[in-house]
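Enquirer: Protein chains in written order, with our numbering: chain A, 3 to 93; chain B, 611 to 986.
Treat the hints as calculated values from the structure; they're not laboratory data.
Errors might be hidden in some of the hints.
Here are the computed lysine-lysine pairs in the DSSO-like style, where the Cα-Cα straight-line distance is at most 27 angstroms [unchecked claim]:
#, chain 1, residue 1, chain 2, residue 2
1, B, 903, A, 90
2, A, 55, A, 82
3, B, 689, B, 758
4, B, 766, B, 899
5, B, 689, B, 933
6, B, 758, B, 895
7, A, 27, A, 82
8, A, 27, B, 653
9, B, 653, B, 668
10, B, 766, A, 90
11, A, 82, A, 10
12, B, 675, B, 903
13, B, 867, B, 689
14, A, 55, A, 27
15, B, 933, B, 766
16, B, 766, B, 939
17, B, 865, B, 758
18, B, 865, A, 55
19, B, 903, A, 55
20, B, 933, A, 90
21, B, 899, B, 939
22, A, 82, B, 653
23, B, 899, B, 758
24, B, 785, B, 653
25, B, 766, A, 27
26, B, 899, B, 689
27, B, 867, B, 939
28, B, 653, B, 675
29, A, 55, B, 689
30, B, 766, B, 649
31, B, 939, A, 55
32, B, 895, B, 933
33, B, 899, A, 55
34, B, 653, B, 867
35, B, 649, A, 82
36, B, 933, A, 55
37, B, 939, A, 90
38, B, 766, B, 689
39, B, 675, A, 55
40, B, 867, B, 877
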Amino acid sequence: MNSVSVNKTPTITLDGNNIECAQGKSVLENIESAGVEMAYNCREGFCGVCRTKLVSGQVEYTLDPLAFIDDDEILSCCTKPITDIEVKVIY
Amino acid sequence: MKYTTFNQKTIDTMTEPMFFGNPVNVARYDQQKHPIFEKLIEKQISFFWRPEEVDVSKDRVDFGKLTHAEKHIFTSNLKYQTLLDSVQGRSPNIAFLPIISLPELETWVETWSFFETIHSRSYTHILRNLFSDPSEVFDDIVVNDEIKRRATDISKYYDDLIFATQLYQTQGEGKHIVDGEEHEITQRTLKKQLFLCMNSVNALEAIRFYVSFACTFAFAERELMEGNSKIIRLIARDENIHLTSTQHILNLWSKGKDDPEMAEIAKECTDEAREIFLTAVQQEKEWAKYLFKDGSMLGLNEEILCDYVEYIANQRMSAIGLKTEFESKSNPLPWMNNYLSSDNVQVAPQEVEVSSYLVSQIDAEVSENEFDDFDL
């Protein structure tokens, strides 16, 4: 299923749409590049506004997140997908 | 239990709850029950700034050109911000420090409050520049009915908690009569007051501040009052961290990761917590009405501001596990993000107008012929 692949950049699935990820971009930046509006404020992991449900797949953090996140959530501003992921907007 | 500034009992802070455990003794951070608070301290300190760094002198000219309605919006907004930070500059210290049991949380609260005092000082910096005598503006804060109404609700929960804590720490649990009024004090009732107070503080940091930020940045969107906006941008970044801290505290309680009794109380008082939040939302909408009573300004009116209140209320309610209340919609003020994003807050001394940095330090005058004799 969601295997780590070095040859292929991961895909983000959001509301049934697949977004091809660009190298080095955060989950938030990738979704924005696809023209989807996402809630955010600080873009630095401390405000928590970009909190997103991670339905499946894995991400890695580019910095230590300070905002509160539940077990099945990620901060899209400071994570990069390391496998194909499916995310769901919370609000 | 009497408060002591240095508890001589050996305590293991790793087993203490955040509040109402043993009073703290050694301010040590080598072991931490909730390491998030030290991370917040570090982040907050890395944001250190001084109001005087920001040149607000151009704002006086802008202010003179504002319409009567815009002047009302700007000044009222600043008065409200002054009120909020007056409360926040002292209250977390007075209300929370006497009942905190973890060194990292104690230091976080002190750091948090200290930054609120920077904010308070910056309002004086702004107002001194705008008015030859700013005292009229400051004096109105305590007599203006619209502001007073908000002040009552903001300070009420703090005041109740502080009073009950004083009784508890001087007289213990039981029924106490003060000024002819009976007060029943138990640790459980105190914890409930603490929970409600934390929710009220959360609503303040989550909703009330952001309404005022929207007004400030609406002026900046029209390239007006930009010095003021630079300061409020720094304040907004700090407030974002403060908001994160109260969200952490509320979640640690409700998810049973701290004091089990607080988890029970969080469950028991969900409706009250929700009510506190929704009251703040309602009051902010009323405030929007008052702000725009003499007329709107370009880019912002009562309706848009109220929509924004609902938009952020959903985010903030969800962040503390409350069911969202309002219909979800896209951000009615998308430009707000340009001011709230960390990337756009520039604090390096050479990048802002830092007077102390410039004085006798570097030559800020660079003319075109400076590099004439420069060859590669």
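Enquirer: State for each hint whether it applies.
Expert: Results for each hint:
Our distance criterion of 27 angstroms between C-alpha atoms is broken by residue 903(B) and residue 90(A), whose separation comes to about 40 angstroms. The straight-line distance between the Cα atoms of residue 55(A) and residue 82(A) is roughly 14 angstroms, inside the 27 angstroms bound, and the hint therefore holds. Between the alpha carbons of residue 689(B) and residue 758(B) the distance comes to roughly 11 angstroms, so the proposed pair stays at or under 27 angstroms and holds. Distance check on the hinted pair: residue 766(B) and residue 899(B) sit about 23 angstroms apart at the alpha-carbon level, within 27 angstroms; holds.
Between residue 689(B) and residue 933(B) the CA atoms are separated by roughly 32 angstroms; this puts the pair beyond 27 angstroms, and the hint is violated. At roughly 16 angstroms between alpha-carbon atoms, residue 758(B) and residue 895(B) fall within 27 angstroms of each other, so this suggested pair holds. Note on residue 27(A) and residue 82(A): the hinted pairing holds, with a Cα-Cα distance of about 7 angstroms set against a maximum of 27 angstroms. Annotation: proposed proximity of residue 27(A) to residue 653(B) holds, straight-line Cα distance about 23 angstroms (limit 27 angstroms).
Pair hint residue 653(B) plus residue 668(B) does not hold up; C-alpha atoms about 31 angstroms apart against a cutoff of 27 angstroms. For a cut-off of 27 angstroms, the pair hint linking residue 766(B) to residue 90(A) is broken: about 38 angstroms separates their Cα positions. For the given pair, residue 82(A) sits about 14 angstroms from residue 10(A) by alpha-carbon distance, which is consistent with the 27 angstroms threshold. A hinted pair counts as satisfied when its Cα atoms are at most 27 angstroms apart, and residue 675(B) with residue 903(B) qualifies at roughly 19 angstroms.
Restraint check: the Cα-Cα separation between residue 867(B) and residue 689(B) comes to about 39 angstroms, which exceeds 27 angstroms; the hinted pair is violated. Among the hinted pairs, residue 55(A) with residue 27(A) is consistent with the structure: their alpha-carbon atoms are about 18 angstroms apart, no more than 27 angstroms. For the hint pairing residue 933(B) with residue 766(B), the CA-to-CA distance comes to about 25 angstroms; that is within 27 angstroms, so the pair holds. Of the pairs offered as hints, the one joining residue 766(B) and residue 939(B) is violated, with about 33 angstroms between alpha carbons and a cut-off of 27 angstroms exceeded.
In summary, the hint linking residue 865(B) to residue 758(B) is not supported, as the alpha carbons are separated by about 35 angstroms, beyond the 27 angstroms threshold. For the hint pairing residue 865(B) with residue 55(A), the CA-to-CA distance comes to about 18 angstroms; that is within 27 angstroms, so the pair holds. For a cut-off of 27 angstroms, the pair hint linking residue 903(B) to residue 55(A) is broken: about 41 angstroms separates their Cα positions. Between the alpha carbons of residue 933(B) and residue 90(A) the distance comes to roughly 17 angstroms, so the proposed pair stays at or under 27 angstroms and holds.
Simply put, residue 899(B) and residue 939(B) have alpha-carbon atoms about 21 angstroms apart, close enough for the 27 angstroms limit, and the pair holds. Using a Cα cut-off of 27 angstroms, the hinted pair residue 82(A) and residue 653(B) holds, with the two alpha carbons roughly 22 angstroms apart. Straight-line distance between C-alpha atoms of residue 899(B) and residue 758(B) comes to about 16 angstroms, which keeps the hinted pair within the 27 angstroms bound. Under the criterion of a C-alpha separation no larger than 27 angstroms, the hint pairing residue 785(B) with residue 653(B) is inconsistent with the structure, at around 43 angstroms.
For the proposed pair residue 766(B) and residue 27(A), the alpha carbon gap of about 46 angstroms is over 27 angstroms, so the pair is violated. At roughly 16 angstroms between alpha-carbon atoms, residue 899(B) and residue 689(B) fall within 27 angstroms of each other, so this suggested pair holds. Straight-line distance between C-alpha atoms of residue 867(B) and residue 939(B) comes to about 33 angstroms, which puts the hinted pair past the 27 angstroms bound. Taking the CA atoms of residue 653(B) and residue 675(B), the gap is about 38 angstroms. The hint is violated against a cut of 27 angstroms.
Note on residue 55(A) and residue 689(B): the hinted pairing is violated, with a Cα-Cα distance of about 39 angstroms set against a maximum of 27 angstroms. For the given pair, residue 766(B) sits about 30 angstroms from residue 649(B) by alpha-carbon distance, which is inconsistent with the 27 angstroms threshold. Only pairs whose Cα atoms come within 27 angstroms are accepted, and residue 939(B) paired with residue 55(A) is accepted, the gap being roughly 18 angstroms. For the suggested pair residue 895(B) and residue 933(B), the alpha carbons sit about 20 angstroms apart, so the restraint of at most 27 angstroms is met.
Distance check on the hinted pair: residue 899(B) and residue 55(A) sit about 36 angstroms apart at the alpha-carbon level, beyond 27 angstroms; violated. Straight-line distance between C-alpha atoms of residue 653(B) and residue 867(B) comes to about 23 angstroms, which keeps the hinted pair within the 27 angstroms bound. For the proposed pair residue 649(B) and residue 82(A), the alpha carbon gap of about 22 angstroms is at most 27 angstroms, so the pair holds. Our distance criterion of 27 angstroms between C-alpha atoms is met by residue 933(B) and residue 55(A), whose separation comes to about 16 angstroms.
Note on residue 939(B) and residue 90(A): the hinted pairing holds, with a Cα-Cα distance of about 15 angstroms set against a maximum of 27 angstroms. Pair hint residue 766(B) plus residue 689(B) holds up; C-alpha atoms about 19 angstroms apart against a cutoff of 27 angstroms. About 47 angstroms separates the Cα atoms of residue 675(B) and residue 55(A), which puts this hinted pair outside 27 angstroms; it is violated. Simply put, residue 867(B) and residue 877(B) have alpha-carbon atoms about 14 angstroms apart, close enough for the 27 angstroms limit, and the pair holds.
Going down the numbered hints, you'll see the structure goes against 1, 5, 9, 10, 13, 16, 17, 19, 24, 25, 27, 28, 29, 30, 33 and 39, while the others check out.
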